[in-house]
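Enquirer: The primary structure of each chain is shown beneath.
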Amino acid sequence: DTEVTQTPKHLVMGMTNKKSLKCEQHMGHRAMYWYKQKAKKPPELMFVYSYEKLSINESVPSRFSPECPNSSLLNLHLHALQPEDSALYLCASSQGQGRGELFFGEGSRLTVL
Amino acid sequence: KNQVEQSPQSLIILEGKNCTLQCNYTVSPFSNLRWYKQDTGRGPVSLTIMTFSENTKSNGRYTATLDADTKQSSLHITASQLSDSASYICVVSAKSNYQLIWGAGTKLIIKP
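Line by line, the protein sequences are chains A and B. Here the first sequence is numbered in our numbering, starting from 1473 and rising by one per residue. Here the second sequence is numbered in our numbering, starting from 338 and rising by one per residue.
Just chain B, same shape as in the assembly:
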């Protein structure tokens, strides 16, 4: 069964600190993996899209990694800011039918 699991479910860190969010998936055949940031009550915003051949992709202070062998991805946030408080959702696209399988998300809270 195609699944995407994220950990932790929630995370609280102090402003200025770094953090890493995890995503494990069992989607096959794999097309790409996406990370979205979603502020409460607003639409998700794309952070990165990674294909099978990409190991690392950065978008400002956000760096995503992908290990297609172990079917794991991580999202590293550097020097966190209060505006980083949001839910971060990992989404994997299945190659067969372009279906997007969504993880449950990690709720990140940055405290001053």
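Pulled out of the complex, with its shape left as it was, chain A reads as follows:
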């Protein structure tokens, strides 16, 4: 199984809503990532978890809150987002941080109204 599964595929939320994006992998990877991608731009790194601990936070606003409940799961909790946060949110995993191929999920398309 070489898949990274992201849910939901599409999410529309208001600025006062609280929602979560979920990501799951069963490849035994110990590093998991959240990326944000705006149209016609490359993905921008948000967070890296290594061995279930937050390793990198690229100065992401606190309205985005990551969580790694176990080695297979990665969540991104969303609260009080702004319309400019609308983007494709990509989850990825690799054997270790910076090691091995990076496998991406299909992404969650987020629209903030």
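Honestly, the hints are just simulated from the structure, not real lab data. On a predicted model such as this, the values are computed, not experimentally measured, just so you know. Yeah, the Cβ is synthetic: ideal placement off N, Cα and C, and Gly gets one too. A hint or two may mislead.
[As the list claims (entries may be wrong)] What follows is a set of in silico ranges between Cβ atoms, one per label pair, in the way DEER data are often shown:
| hint | chain 1 | residue 1 | chain 2 | residue 2 | range |
| --- | --- | --- | --- | --- | --- |
| 1 | A | E1530 | B | T377 | 20 to 26 Å |
| 2 | B | S347 | A | E1556 | 23 to 29 Å |
| 3 | A | K1512 | B | N355 | 23 to 29 Å |
| 4 | A | H1482 | B | F389 | 38 to 44 Å |
| 5 | A | K1513 | B | T388 | 23 to 29 Å |
| 6 | B | G397 | A | Q1567 | 21 to 27 Å |
| 7 | A | K1512 | B | Q409 | 22 to 28 Å |
| 8 | B | T407 | A | S1531 | 31 to 37 Å |
| 9 | A | L1526 | B | T393 | 36 to 42 Å |
| 10 | B | N396 | A | E1475 | 14 to 20 Å |
| 11 | A | S1527 | B | Q418 | 38 to 44 Å |
Starting from the known structure of chain A, fit chain B onto it as the hints suggest.
Expert: Structure of chain B alone, referenced to chain A:
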């Protein structure tokens, strides 16, 4: 400053033709170079990963080359198909902190 530059920004070719995409980087110290294919609205898919000692790597009709001396890489697509229409992104990994530096991508359109 670590940077990855890709050219051309976009390219249109006819189905069945070959094409070559370019990537120049200034990342140091260098760990590896990756090429990804990304269909619109979907996650990137890895095509190749090349380390310092690898000059050429193939994946089906995709062949990547790496010149670590000149810090250049190319991705050659042979006998293009309509399904090759996508953005192709060059990504370089820095050895110091495993940071991935992403290029802006080349948008390739294959016309029938």
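Enquirer: Next step is simple, just say for each hint if it's right about the structure.
Expert: Going down the list of hints, with the structure as the test:
no.	hint	in the structure
1	E1530(A) / T377(B): 20 to 26 Å	holds (25 Å)
2	S347(B) / E1556(A): 23 to 29 Å	holds (25 Å)
3	K1512(A) / N355(B): 23 to 29 Å	holds (25 Å)
4	H1482(A) / F389(B): 38 to 44 Å	holds (41 Å)
5	K1513(A) / T388(B): 23 to 29 Å	holds (27 Å)
6	G397(B) / Q1567(A): 21 to 27 Å	holds (23 Å)
7	K1512(A) / Q409(B): 22 to 28 Å	holds (24 Å)
8	T407(B) / S1531(A): 31 to 37 Å	holds (34 Å)
9	L1526(A) / T393(B): 36 to 42 Å	holds (38 Å)
10	N396(B) / E1475(A): 14 to 20 Å	holds (19 Å)
11	S1527(A) / Q418(B): 38 to 44 Å	holds (39 Å)
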